[in-house]
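Trainee: Chain by chain, the residues:
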Amino acid sequence: MKIIKTIIVDDERNAREEIKKLIRDYPEFEIVGEAKNADDAKEMIEQNEIDLIFLDIQMPEKSGFELLELLNHVPQVIFITAYDQYALKAFEVSAIDYLMKPVRVERFARAIDRFKSTDFGKGNERVFVKDGQRYHFIIWSKIYLIESMDNYARLYFDEKNVFLKSSLNQLEQKLDNTVFFRINRAQIVNLNFIKEVNSGEGGRLKLILNMGNSLEVSERQSVKLKKLLSN
Amino acid sequence: MKQLGKGNHNSLYWKCQLIGWSIASLYWLLSGVTFPGFSWSFAILQFITDVVIYILLTDLYRRLAIKCNLISLSPSGLLKWVIPAMFILALLYTGVTTLKLYLFKSWFDPQFTQTYTGYFRQNAELIFVGGARLMSIWLLAYHLYHYAQREIIVSRENAKLELISRETQLNNLSNQLNPHFLFNSLNSIKALIDESPVSARRAVDLLSDVLRAGLYNGSAHLIPIEEELDIVRDYLELEKMRFEERLCYKIESSGDLLNVSVPRLCIQTLTENAVKHGIAKRKGGGAISVCVKSKAGNLEIAVQNSGVLDEQLQNIGLGLKNLRERLFLKYQGRASFSIVQETPGDVLTVINIPIT
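First to last, the sequence lines map onto chains X and F. FYI, the numbering used here numbers position 201 of the first sequence as 201, with every residue one higher than the one before it. FYI, the numbering used here numbers position 179 of the second sequence as 179, with every residue one higher than the one before it.
Because the hints were derived from the structure by calculation, they are not lab data. Note that CB positions come from ideal geometry on N, CA and C, so glycine has one too. Incorrect hints may appear among the rest.
To be verified - Lysine to aspartate or glutamate pairs mimicking DMTMM-like chemistry, simulated, CA-CA at most 20 Å apart:
id : chain 1 : residue 1 : chain 2 : residue 2
1  : F       : Lys283    : X       : Glu125
2  : F       : Lys283    : X       : Glu17
3  : F       : Lys283    : X       : Asp39
4  : X       : Lys2      : X       : Asp113
5  : F       : Lys281    : X       : Glu69
6  : F       : Lys283    : X       : Glu28
7  : X       : Lys62     : F       : Glu311
8  : X       : Lys5      : X       : Glu159
9  : X       : Lys2      : X       : Glu28
10 : F       : Lys240    : X       : Glu17
11 : X       : Lys130    : X       : Glu159
12 : X       : Lys21     : F       : Glu195
13 : F       : Lys283    : X       : Glu43
As the list claims (entries may be wrong) - Here are some of the chain F residues that sit facing chain X, going by a computed Cβ distance under 7 Å:
id : residue
14 : Asn184
15 : Leu186
16 : Arg282
Build out the structure end to end from the sequences listed, making use of the hints.
Mentor: If you want it as structure tokens, here you go:
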């Protein structure tokens, strides 16, 4: 039996107790920790490999949504809210499910079923970004290009692009370096999206992506990339 | 929509005119069939002129009625106008009808040699009686139709107003209920049932009383401070069960003021607002103090909560806005409302109400 590591995030102790009681019926779920605010939760998520968060939306100082925006890899989320004004938003962000307090046993069971039926394995790591008024979960493997824009990183996926508050250096450290490669000071590319590699002047490589983007690799990185590609 | 409605009215009016006068003229035509010397061409000429003349005559009245706005008069006010109008219309009817009949007779009947005055004297009385009858029917139908239309519009508008006021009532109700508070309280009570059944039972009692106070929809806009403070006390005790160590509170009031009347839920609205900003939005929670005292002949209600005013002002709640409005309407400027940063960590909301 695969153990599913879970944390509960809610500012009210009673509310956390309630979720704990409900989880007790599912022995494969292990409660790794409880957090009473977004900052505590962030630390917990970054220090442990968490599979699922039970997340209250309305919390002091930072909301549940704001917590997710701070994470580079977002675990699966089941939102919990007392009142449905946030429910629609939660659906827009395609959470596994959202639950209303007080949570009914059968409703909780359905959320667990939904969680189990979704693929939360490797290659499906996601990031949570706010684009205007809407929130998106984006699977990292769908992102083909990351560009630095001041304090933000611009993520390109499908036909769209969104901003994430993170520097390229931070991202480079956190991303899977067998998939994402830093080609120059301002760009990281997803190797799975490279269509053509051409040699340019002075040993610099030129890349053409599936989407048609033409990118130039810096001299130093060209050497590394050649090595990486020849392996 | 309005334009369309008017068009519909107009086409209905002309249809009724045409059908009504055609039937009347047809009746006259058929009653002449058995007369000696009946001719179809003459009868049809009579028919057409009858319809045209009487439609023009009554339409003249309609134009005047619209111009003088007779349509919107009440039935009794209308009577003053309609009876003379009926006489005048009947006289006109008599005039045109005798003239028309006289002309036709002198054109088509070579043996007819009577003068118009003679013809008029001979026939006017009978024609006037018939005209009066026809014009009465016409006026009755015309004004009854408009009266009914007006009634329909009025009752429709009343229904709309009723609906709007119901909606407002319902909105007020759901604001008063404060769904976040309600569902979070229910959730805490659920947790308390296992952990501390005594507290859970207590919480159900408190929640019931707070809800009852919010649902109350009676006519008493003012209640004694004592009752208002009971609601606030229950509410804070319940929120304490939910926020636990994050909420500290105290309520102070001087005993001689307890019978003074205040607008319903005014202290409760301030307290709910204090909990929202001073406790729920702060990681570490905070303190709330409610203080009621008399000051220079006024009643001063002061609610203090931990927090920063700027953040608090950014989303000033509907409840607080409504309260401000209610105070203004109720005391016409003799009440005051203020919200200030009292100390760097505390926001103070004060209302002053004249003691009546």
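Trainee: If you check each hint against the structure, which ones fail?
Mentor: 1, 6, 8
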